[in-house]
Amino acid sequence: MTAVASVSTNAGNTDKGIEALRRRAIRRHRLARVGVYLAAIAAALICAGPFLWSLITAFKQSPDLYQRNNNPFLYNLPSTRKHVMYLFENTAFLTFVWNTLWVGLLVVAITLMLSLPAAYALARLERPWSGPMAIAIFFVYLVPPTLLFLSLSRLVVAVHLQDNTWSLVLVYPTITIPVSVWLLVGFLKSIPKDIEEQAMVDGYSRLGAFVRAVVPLVFPGIVAVIVFTFTLTASEFIYALAFVAPTAEKVISTGVPTELVRGDVFFWQSLQAATVLVAFPIAFVFNLFLDRFIAGFTMGAVKG
Amino acid sequence: MVQATTSRPETELAAGTKISRGDRRRLSDREGFLAWAMLLPSVVYIVALVGLPLLLAIAFSFSDVTAGDPSFDWAGLANYRQIFDDPVFWRSLQNTIIFTVGSMLLIVVFGKVLANILVADFHGKWIVRFCVLLPWTTPVALSAISWLWLLDSIFSPIDWMLREVGLINGNMYWLGRPNLAMLSVIAVHAWRLIPLAAVIMMAGLVAIPKDLLEQAEIDGSGYWRRMFEITIPLMMPLIAVAALFGAIVTFTDMTVVYVLTRGGPTNSTQVLASWAFFRGIEGGDIGQGAAVALFLFPLLLAAAILILRAVRRMDVM
Chain Z
1 MTAVASVSTN
11 AGNTDKGIEA
21 LRRRAIRRHR
31 LARVGVYLAA
41 IAAALICAGP
51 FLWSLITAFK
61 QSPDLYQRNN
71 NPFLYNLPST
81 RKHVMYLFEN
91 TAFLTFVWNT
101 LWVGLLVVAI
111 TLMLSLPAAY
121 ALARLERPWS
131 GPMAIAIFFV
141 YLVPPTLLFL
151 SLSRLVVAVH
161 LQDNTWSLVL
171 VYPTITIPVS
181 VWLLVGFLKS
191 IPKDIEEQAM
201 VDGYSRLGAF
211 VRAVVPLVFP
221 GIVAVIVFTF
231 TLTASEFIYA
241 LAFVAPTAEK
251 VISTGVPTEL
261 VRGDVFFWQS
271 LQAATVLVAF
281 PIAFVFNLFL
291 DRFIAGFTMG
301 AVKG
Chain B
305 MVQATTSRPE
315 TELAAGTKIS
325 RGDRRRLSDR
335 EGFLAWAMLL
345 PSVVYIVALV
355 GLPLLLAIAF
365 SFSDVTAGDP
375 SFDWAGLANY
385 RQIFDDPVFW
395 RSLQNTIIFT
405 VGSMLLIVVF
415 GKVLANILVA
425 DFHGKWIVRF
435 CVLLPWTTPV
445 ALSAISWLWL
455 LDSIFSPIDW
465 MLREVGLING
475 NMYWLGRPNL
485 AMLSVIAVHA
495 WRLIPLAAVI
505 MMAGLVAIPK
515 DLLEQAEIDG
525 SGYWRRMFEI
535 TIPLMMPLIA
545 VAALFGAIVT
555 FTDMTVVYVL
565 TRGGPTNSTQ
575 VLASWAFFRG
585 IEGGDIGQGA
595 AVALFLFPLL
605 LAAAILILRA
615 VRRMDVM
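Protein sequence lines correspond, in order, to chains Z and B.
Following our numbering, the numbering of the first sequence begins with 1 at its first residue and continues without gaps.
Following our numbering, the numbering of the second sequence begins with 305 at its first residue and continues without gaps.
Calculated directly from the structure, the hints in this document are not laboratory data.
Be aware that a few hints might be false.
As the list claims (entries may be wrong) - For each label pair, taking beta carbons as the anchor points, the in silico distance ranges come out as:
(1) Leu94/Z - Gly355/B: 32 to 42 Å
(2) His160/Z - Ile431/B: 45 to 55 Å
(3) Gly355/B - Leu77/Z: 52 to 62 Å
(4) Arg23/Z - Gly480/B: 51 to 61 Å
(5) Leu605/B - Leu77/Z: 54 to 64 Å
(6) Val265/Z - Leu344/B: 45 to 55 Å
(7) Asn473/B - Leu77/Z: 17 to 27 Å
(8) Leu38/Z - Asn473/B: 24 to 34 Å
(9) Ile512/B - Tyr75/Z: 42 to 52 Å
(10) Leu217/Z - Ile431/B: 28 to 38 Å
(11) Ala363/B - Val36/Z: 52 to 62 Å
(12) Arg529/B - Val36/Z: 14 to 24 Å
(13) Glu89/Z - Leu605/B: 23 to 33 Å
To be verified - Every beta carbon over 10 Å from chain Z, so not counted as near; a handful from chain B, in silico:
(14) Trp378
(15) Gly380
(16) Val392
(17) Arg395
(18) Ile401
(19) Gly406
(20) Arg433
(21) Pro482
(22) Met486
(23) Leu517
Cβ atoms here follow ideal geometry from the backbone N, Cα and C, with glycine treated the same way.
Could you put together the complete structure from these sequences and hints?
This is how it looks when you write it as structure tokens:
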């Protein structure tokens, strides 16, 4: 190894022009490295800044917080856990978390059960109508909650689910199914057709080949759908605000902003604690699956 | 039955089949049934809970349904006449356009920049990615609350920093002045969606053939030249997809507005979506709310068709 390196540097020394060029290239390379790090740090700070500020705020004492000239980024008075405890002990925060979790999981289950077969039908069982149908399903995604919440709230009343968290379980799949189908079609198209054909040669029916051979292979796509669906469900605001009013039935996205604000009184520290407690775990999980998600997105977008 | 359907499935499946034709024909017969059976549940769900409500919304907009009096009476164009006479509606329409165009520009430009940063190689990428994902994966209502506190009229740390630097004396009242409030709402909304745009565009960046860029570099074109003449043209379809998603989410979003300003001060940040909500749910006038909300639909459809057509025309990837 060293021999090879020294030979190459010797060869470089014979030609001074090349050496100078290389030095310039190295200097430019170093500069670019510094630039990349600076840009990355700036991006991270801009994106996460508000949450870091929330984190600081959550442990502040009120007299420290409500003092206009205190440095807002430091603890001018000792930090306190009081407001975080308040969140757990005196508010329905844990109820909201629980509601968000079970609604999210049920919606994920419903979404997968419906969208996986649908995506397979569109990606593989080539019917003349599968192209237009795929576009139609994509267009459903363009129909926004803001357009539907008024009539859906009437429908929810009609099926006696008003002020009930189950109304969200019923309605959220309408948002998540179109996106999931779109993502899954991309993933399914990337699986070679030979796989099912081989399975069918081995004696499975078409459906059997789908369940036994294709579903395991599309697992990365399923994970992407689970993560994405859950995030969509947890962030949804309009339906949750329009359909559900009682405290015990609320989810995080509506419960925290409405229950921790009484009239004009904001429980700032507790609000910020809630934000951080929700934000960090979701971003953490999403980060684990980001690459899969990107893969699914490209395939859905470009090939679908 | 088997004979009747031979011609079409065979042409469809003619290429690349390893199985004998006889087997294939039987299987493809079953495929027709399977395709429907697998698709039907999703279609039924969507028709029942999107199609039907959409029709209902259209019907409501021609009726006098209110929260107190849910009986359906035909009201003709009364709701539309009323909202057209309402200056707040026009204000909201204008704000919606400013909000959408402003956010979109920020989202596309900074999304591209962020995507470039994220595909670069550096240590600590995981933690940077985590930070970058935060705005997007956090429920909007919660991150908006964080911003509400950041932009607080008295205790805003942004104001504190500006005071320390000596740029201002008092407070900016970010959400209290019409233009600043609009700016804040746009900035917060863009901040939230830039990571999504970046993630979509990252996919495009990764897909660009490396040798193309290397060749260009050997031929002596610099970073910016490569960026504007190779990377961006090749990524156009994905930039368009990111823009489409962004536009739709922006156009119809009311969460940021609802939490930060509730449309204020004096409707200067009121958008169509939030106005429909205040009218329809909080005001109880479902007919008028529906009419306002429906106004989103044609604009949305036009935007979607335009962007999809643009993607198809380019069709580079």
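Okay, the hints, checked on the actual structure:
no.: 1; hint: Leu94/Z - Gly355/B: 32 to 42 Å; verdict: holds (38 Å)
no.: 2; hint: His160/Z - Ile431/B: 45 to 55 Å; verdict: holds (48 Å)
no.: 3; hint: Gly355/B - Leu77/Z: 52 to 62 Å; verdict: holds (58 Å)
no.: 4; hint: Arg23/Z - Gly480/B: 51 to 61 Å; verdict: holds (56 Å)
no.: 5; hint: Leu605/B - Leu77/Z: 54 to 64 Å; verdict: holds (55 Å)
no.: 6; hint: Val265/Z - Leu344/B: 45 to 55 Å; verdict: holds (51 Å)
no.: 7; hint: Asn473/B - Leu77/Z: 17 to 27 Å; verdict: holds (26 Å)
no.: 8; hint: Leu38/Z - Asn473/B: 24 to 34 Å; verdict: holds (32 Å)
no.: 9; hint: Ile512/B - Tyr75/Z: 42 to 52 Å; verdict: holds (47 Å)
no.: 10; hint: Leu217/Z - Ile431/B: 28 to 38 Å; verdict: holds (32 Å)
no.: 11; hint: Ala363/B - Val36/Z: 52 to 62 Å; verdict: holds (56 Å)
no.: 12; hint: Arg529/B - Val36/Z: 14 to 24 Å; verdict: holds (19 Å)
no.: 13; hint: Glu89/Z - Leu605/B: 23 to 33 Å; verdict: violated (49 Å)
no.: 14; hint: Trp378; verdict: holds (16 Å)
no.: 15; hint: Gly380; verdict: holds (19 Å)
no.: 16; hint: Val392; verdict: holds (16 Å)
no.: 17; hint: Arg395; verdict: holds (17 Å)
no.: 18; hint: Ile401; verdict: holds (16 Å)
no.: 19; hint: Gly406; verdict: holds (17 Å)
no.: 20; hint: Arg433; verdict: violated (6 Å)
no.: 21; hint: Pro482; verdict: holds (21 Å)
no.: 22; hint: Met486; verdict: holds (19 Å)
no.: 23; hint: Leu517; verdict: holds (14 Å)
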